[in-house]
Amino acid sequence: MPSWFMQQASSFAPDVDNLILLITVIVGVWFVAAEAIFFWLIWKFRARDGVKAQYVAGETPREKRWVSWPHYAVLVFDILILVVALRVWNDIKISAPPPEERIRVVAQQWAWTFQHAGPDGELDTADDIRTVDDMHVEVGKTYYFDLHSRDVLHSFSVPVFRLKQDAVPGRSITGWFRPTVTGEFDIQCAEICGIGHGLMPARIIVATPDEHQAWLSAAASGAVPAVTAGAAPGTAVVARAEGDGQ
Amino acid sequence: MSGHAAAHADHGHHHQSFFQKYLWSTDHKVIGMQYLFTGMLMALIGGFTVYVFRMQLAFPGESVPLWGTVTASDYNSLVTMHGSIMIFWVAMPVLIAAFGNFLIPLMLGCDDMVFPKLNRLSYQIFLISVLVILSSFFVPGGPFGGAWTAYPPLSADPAYNATPWGATLWLVAVALEFVAFLLGGINFVTTAMNSRAPGMKMFDVPIVIWMIVLASLVFMASVGPLIAGAVMLFFDQRLGTGFFDPAAGGDPVLWQHLFWFFGHPEVYVVLLPALGIVAEVMTTFSRKKLFAYKTVVFTAIATSIISFFVWAHHQFVAGIDPRMAGLFTVTTLIISVPIAEMMFVYIATLYGGSIRLTTAMLWALAFIAEFLIGGVTGIFLGAAGADVYFHDTYFVLAHFHYTFFPIAFIGTFAGLSYWFPKMFGRMMNETLGKIHFWGTVIGFNLIFIPLFLTGSGGDHRRIFDYSLFPELEYLQPLRILATVGLLILIAFQPVFIYNFINSMFRGKVAEANPWRANTLEWVAPSPPPHGNFAEMPVVYRGPYEYSVEGRDEDYWPQNVPGDAPGEPAGQSAGQVA
Amino acid sequence: MGLPTGRLAVWWVIASEIVIFGGLLGSYIMYRLSHDAWAEQAAVTNTLAGAFNTFVLLTSSLSAVLAHRAAEQGDGRKAARMLYFTVLGGGVFLVVKSFEWGYEISHGYTLASNLFWSFYYTAAGLHALHVIAGMVIMLFVARTAARNEELQRVENIGLYWHFVDLVWIFLFPLLYIAK
Chain E
2 MPSWFMQQAS SFAPDVDNLI LLITVIVGVW FVAAEAIFFW LIWKFRARDG
52 VKAQYVAGET PREKRWVSWP HYAVLVFDIL ILVVALRVWN DIKISAPPPE
102 ERIRVVAQQW AWTFQHAGPD GELDTADDIR TVDDMHVEVG KTYYFDLHSR
152 DVLHSFSVPV FRLKQDAVPG RSITGWFRPT VTGEFDIQCA EICGIGHGLM
202 PARIIVATPD EHQAWLSAAA SGAVPAVTAG AAPGTAVVAR AEGDGQ
Chain P
2 MSGHAAAHAD HGHHHQSFFQ KYLWSTDHKV IGMQYLFTGM LMALIGGFTV
52 YVFRMQLAFP GESVPLWGTV TASDYNSLVT MHGSIMIFWV AMPVLIAAFG
102 NFLIPLMLGC DDMVFPKLNR LSYQIFLISV LVILSSFFVP GGPFGGAWTA
152 YPPLSADPAY NATPWGATLW LVAVALEFVA FLLGGINFVT TAMNSRAPGM
202 KMFDVPIVIW MIVLASLVFM ASVGPLIAGA VMLFFDQRLG TGFFDPAAGG
252 DPVLWQHLFW FFGHPEVYVV LLPALGIVAE VMTTFSRKKL FAYKTVVFTA
302 IATSIISFFV WAHHQFVAGI DPRMAGLFTV TTLIISVPIA EMMFVYIATL
352 YGGSIRLTTA MLWALAFIAE FLIGGVTGIF LGAAGADVYF HDTYFVLAHF
402 HYTFFPIAFI GTFAGLSYWF PKMFGRMMNE TLGKIHFWGT VIGFNLIFIP
452 LFLTGSGGDH RRIFDYSLFP ELEYLQPLRI LATVGLLILI AFQPVFIYNF
502 INSMFRGKVA EANPWRANTL EWVAPSPPPH GNFAEMPVVY RGPYEYSVEG
552 RDEDYWPQNV PGDAPGEPAG QSAGQVA
Chain Z
741 MGLPTGRLAV WWVIASEIVI FGGLLGSYIM YRLSHDAWAE QAAVTNTLAG
791 AFNTFVLLTS SLSAVLAHRA AEQGDGRKAA RMLYFTVLGG GVFLVVKSFE
841 WGYEISHGYT LASNLFWSFY YTAAGLHALH VIAGMVIMLF VARTAARNEE
891 LQRVENIGLY WHFVDLVWIF LFPLLYIAK
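Residue numbers (our numbering), protein chains in the order written: chain E, 2 to 247; chain P, 2 to 578; chain Z, 741 to 919.
Honestly, the hints are just simulated from the structure, not real lab data. Using N, Cα and C, we set each Cβ at its ideal position, and we do this for glycine too. Please note: incorrect hints may appear among the correct ones.
[As the list claims (entries may be wrong)] For lysine-lysine, the following DSS-like pairs were computed, each having C-alpha atoms within a straight-line distance of at most 30 Å:
id, chain 1, residue 1, chain 2, residue 2
1, P, K118, P, K22
2, E, K53, P, K435
3, E, K53, P, K202
4, P, K118, E, K53
5, P, K202, P, K295
6, P, K509, P, K435
7, P, K295, E, K65
[What the hints assert, rightly or not] Not close to chain Z: a few residues of chain P, all C-beta gaps over 12 Å, as computed:
id, residue
8, G62
9, V65
10, G84
11, P141
12, T169
13, G200
14, P323
15, L433
16, K435
17, R507
18, G508
[Stated by the list, open to error] Simulated coverage check for chain P against chain Z, where a stretch passes if three residues somewhere in it have a Cβ under 8 Å from a Cβ of chain Z:
id, segment
19, 152-164
20, 358-372
Working from the sequences, and respecting the hints, build out all of it.
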């Protein structure tokens, strides 16, 4: 269902969408059946002259069966959904493949700062590239992100990745993703963080290895300013808010 | 208790001033009406807030009639006030305190609550909480803008939330509201346990009473940690402590646990009374016994207990241990089982019935149809793997409005249409009622079906303007459609307001039991006098003995003695015992 | 159901207070377990004073029980005397506490100086408020009981007082002994 609206751009996005599809089918069938029976009963047993209602207490086993069998069936389907859901959850949040590169994501009121590993591929070295509101990654690479907040709760959400993680001040929270499609996509803040909550959009740029290399060299050599003009985080936001392109 | 009522009537109350009779009364019916009218007024305010911010969402940046331009700060305050008001000052007072106060003594066959003065005090504290939250609209910085969930550090530090006065006033108002409901709960529980009419055993009690009592118990058992948390947050806001401040060694996530430990059971606190109302209406207008009454009671109890073990499904991506999240997925999916059972039982009640589609019945049936949508969409959110995508999107919002709106509004309209004759001694207009019904239901669905779609499309919550997100621009027509739905919904509410007020004074005079129902409130006159019953009723059977075989009448009130030998079967031996 | 309404109401109040204090103390325990550094702060609390206060509250609960016994026997005046003794116990408790807090505050251990102290003052303060409320209500009940009226209230306020005592039994080890 999300795939009707949002493309799948990470390795686990199809898993999430398939889980949602499974739930949709199961829940959809039950929903339609319940509503259909419900409306049919309203129509069938509408008040008619001379026809009295029946006295059905629903206490005998025969009568109770009409309710208890569906209710056990619900339990069975719940367990099925549970198994798949836990598997998907585990893949996204608990067990992760080994990282090929790390990246640091820092949220604040009201902008995102990204610390990229730079040409040496190692985070927290001298050649790290810091950007504001633009995250640059390479398609097909497995990234671990370290998520921080400078002030209040924020949340790092990349809908096309089907990825979301709250940023908690005082903590460094780790997650992972592997982009599978190149392009430029939205990053949204998914936890109300004050007046500028809707004013801190960011972009993730997924590039081919060549393109990514080109960006790395340009950024490292200073040809492309690492931080967008203005340096202060708020300025980039304002520029975007005034329609200054994507 | 029987002789008491007769003596009670001769109290010498006949020369009460308006103030004594309507504002300082200890009579449960008056207190119930006080809660009802206050809740209805707050609904207008809560509705106004959503009108303003949905206009902003549909036409970003444009001036909203009756408000002006909506700034980002306005927006946050409006959504915060909308959620807080609707839950704490509309749903709870109307469903629990209004219907609870009005119905419990009447349905149990007694003359008032056990502690009438405490009852009055609970309303007064509630009223103060109303004044406090309304005052926050007029303070510098405006009302609190940190969402009804009030997560710190945003809510703890005015430097972050820019609503310093509003934040503390919100906290004080919520705390006072909690105290009011804790006090009110004392009456509900003790009256239900100790003041039942002679002959009324536990399983002869109408379902709505069971539900309101259970709701009070769940509220009491769940609100404590949040009261503790509120004290801590207040100290953080005002006294420089750091309970939720990482710099001081505190933990923002602790608040979330304290909040949701209450917040999740809270939704059942409001759901149960609504389900109770729906049961009363459905049985009366299908002339059928409630299917498997005992199952309903046990299922309600099971749901209440399990509701204490699901809270962290609101926090799947909040930074909790992901393995804990797995555990809460299990419990959350488990709770869908008793709720599903409840739905099945209600649907089964229709089987073999003789269904009359009065306005009240339309509302009760709409509750089931709409709540089913809310219920099934919860599965997407309870399954942690799917929630990663849906968390904080409009999908969540649409889900909880498909539960909350049926609970707070559809359930209320069902209850008001049904008990209006008893409350005011007059009948509401059925035609106007049906017009209001269809306009409301159509408008409601027109709001939230588009929002399921925008949520699936990636619209996150609490964003005041989506134009900064290129991937979301194409969803704007759906946002506009949702706002149009809201305008339609709003446009039909004056029909109800007119019907309600006009019928109070000029409706057709109602008899004691216009719906030919079984429960004891219909034995008292419409409206019941102070003291309720001329003679306290005695109960001979359960509340849902409709269409009993071999009887002429298709109903058999609880207070009518069994047929004596020689009497023709089915002759109701007079309504008033 | 059988339980007299007054007693049912008191149990309701006690139950809701248990959840409130439970939430507060639960939060404190969670934090304490992850903040070893708090031991340094906790070392400052006056264990002797705390122990003495525990003894005082327990004794006052005893007199509350004696008051109940007297009430059951219909001796309202004795019940009132026992209740006054209980109130006295509460008073002593508060006086000791005020000396404790006076010392701690004047040495810089205030509500906001450290998260341990934030919990200390909040939990003990909330408890003290409940002690005061209990004392006030108890005085009213005693006055009425002395006239041999509403004797069932003696048991009810006693129940509340035992609860207040019980909370202190939890607070004492958490704030004074765990160092």
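Hints, verified against the model:
At most 30 Å may separate the alpha-carbon atoms for a hinted pair to count; K118/P and K22/P meet this at roughly 14 Å. Taking the CA atoms of K53/E and K435/P, the gap is near 25 Å; set against the 30 Å cutoff, the hint holds. For a cut-off of 30 Å, the pair hint linking K53/E to K202/P stands: about 28 Å separates their Cα positions. For a cut-off of 30 Å, the pair hint linking K118/P to K53/E is broken: about 46 Å separates their Cα positions.
In summary, the hint linking K202/P to K295/P is supported, as the alpha carbons are separated by about 13 Å, within the 30 Å threshold. Restraint check: the Cα-Cα separation between K509/P and K435/P comes to about 17 Å, which is no more than 30 Å; the hinted pair holds. Between K295/P and K65/E, the direct Cα distance comes to roughly 11 Å. Compliance with the 30 Å bound is thereby established for this hinted pair. Distance check on G62/P: its Cβ is at least 42 Å (rounded) from any Cβ of chain Z, clearing the 12 Å threshold; non-interface status holds.
No beta-carbon of chain Z is positioned within 12 Å of the beta-carbon of V65/P; the least distance is around 40 Å. With a minimum CB-CB distance of about 22 Å to chain Z, G84/P clears the 12 Å threshold, and the non-interface call stands. Separation of P141/P from chain Z is adequate, the least Cβ-Cβ distance of about 24 Å exceeding the 12 Å criterion. Every Cβ of chain Z is farther than 12 Å from the Cβ of T169/P; the closest lies at roughly 16 Å, confirming the non-interface assignment.
Distance to chain Z confirms G200/P as a non-interface residue, since its nearest Cβ pair spans about 15 Å, more than 12 Å. Distance check for P323/P against chain Z: the nearest CB is about 19 Å away, which clears 12 Å, and the non-interface claim stands. Every beta carbon of chain Z lies more than 12 Å from that of L433/P, the smallest distance being close to 42 Å; the non-interface claim holds. No beta-carbon of chain Z is positioned within 12 Å of the beta-carbon of K435/P; the least distance is around 42 Å.
Distance check on R507/P: its Cβ is at least 41 Å (rounded) from any Cβ of chain Z, clearing the 12 Å threshold; non-interface status holds. Against chain Z, the non-interface label of G508/P holds: every CB pair exceeds 12 Å, the least being about 37 Å. Counting residues of the segment 152-164 of chain P whose CB lies closer than 8 Å to any CB of chain Z gives 0, which falls below the minimum of 3, so the coverage claim is violated. With a cut-off of 8 Å between beta carbons, the segment 358-372 of chain P has 0 residues touching chain Z; three or more are needed, and the interface restraint is violated.
In this structure, the hints that do not hold are numbers 4, 19 and 20, in rising order.
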